[in-house]
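Q: Sequence:
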Amino acid sequence: MTSRTCRLPSALRAVWIAVFGLFFTVGIVRAADAPTPTGAQKRAAEEYLDAVASGSPQALAFAIHPDDISGLRNRILATLREEAGRGDSTIRVRLFGPGRPLAEIERLTGPDFYVAMSAKLYIFGREYKDAKWIAAIPDKDNTVQVVLRGIGDKDHGKTEVINVVTIRPYGKDWKATLPTEINAQIDDLMNARRNIYARLPPPVAAVAAIKPGATSAETGLPPQIGELLDNANKALAVPLCEDYYQKYMSPNFRKITSKKALEALINSCKNSMGTREMLAATVRIAKDLVPTFEYEGRRAVFDVSGQGLPFDRFVLEQVDKKWYIAE
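Heads up: the sequence shown begins at 1 in our numbering, then just goes up one per residue.
Derived lysine-lysine pairs resembling BS3-like cross-links, with alpha carbons at most 27 Å apart:
(1) 140 <-> 42
(2) 287 <-> 120
(3) 247 <-> 234
(4) 321 <-> 234
(5) 260 <-> 322
(6) 42 <-> 158
(7) 42 <-> 132
(8) 247 <-> 321
(9) 255 <-> 321
(10) 270 <-> 255
(11) 132 <-> 154
(12) 260 <-> 234
(13) 259 <-> 234
(14) 321 <-> 287
(15) 154 <-> 42
(16) 234 <-> 287
(17) 259 <-> 321
(18) 322 <-> 259
(19) 132 <-> 158
(20) 270 <-> 260
(21) 132 <-> 172
(22) 287 <-> 270
(23) 140 <-> 172
(24) 322 <-> 255
(25) 42 <-> 172
(26) 259 <-> 270
(27) 270 <-> 234
(28) 129 <-> 158
(29) 259 <-> 247
(30) 129 <-> 154
(31) 322 <-> 287
(32) 255 <-> 234
Treat the hints as calculated values from the structure; they're not laboratory data.
When you get a sec, could you build the whole thing from the sequences and use the hints?
A: Laid out in structure tokens, this is it:
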């Protein structure tokens, strides 16, 4: 099939090629005429690239200009509060997972706010041993585009990779701005749009889920597990925090937990809506997951990573042929 571009009149094609060539040439000239980065600008670019290569969301959050992180937090919180006012939580769940209530999100600092979302975001980078600094090109909004060739270790080949890092003033120094790619991915998540990373594995490994409405016979899960989770959820909804800890937590848990510590847990459940919401969210999430069984089927481990909870697993155990929440 002939493409539309090939059916363009030859004169129009010539004009299009000339215009493209002009823009390309202007870009090269602009970079060639721009000064090389200063020491402070190089440090900002290096800090950002090192953070990306480390794979640490915390390092990346601190490598980005604090005003950008704060602006991202304020923008998203405004959206989440407006959504909550309508009795909805769709965007909150898309960005943070079902296990993190709005009240907890509001308490997060700027860097922690970014880290909490990072499980849903993709950003890639390489480790470089050195760099060839090409240009520092002034751009809009008082930013500068730092252009460099990243040089890897000799064991990684001779290919030099072009990088562009956007920075802006930070007192007497410079900091990287929040990558526009991250902003675009967040907008994609908020609007449930398919993005260019759709074919990649999720940033946090997906866990097996139960088909909605499936029976215990279809899932292979003991019916008592479903009953336990339903009863625990009802106790938290009332709330009956004593029942949650005294009836549904494992006897083994209660044996190793001092009376004072158990009372503290119950009081925290009673007095903190955030604590109750976290416990209830954990139970609801587990109901939709397929656990891994250990100890000849007497222990069920649910992988709840990437769900916005402050832990990665939720464990049930069978004691005297009855199921309880183990931890």
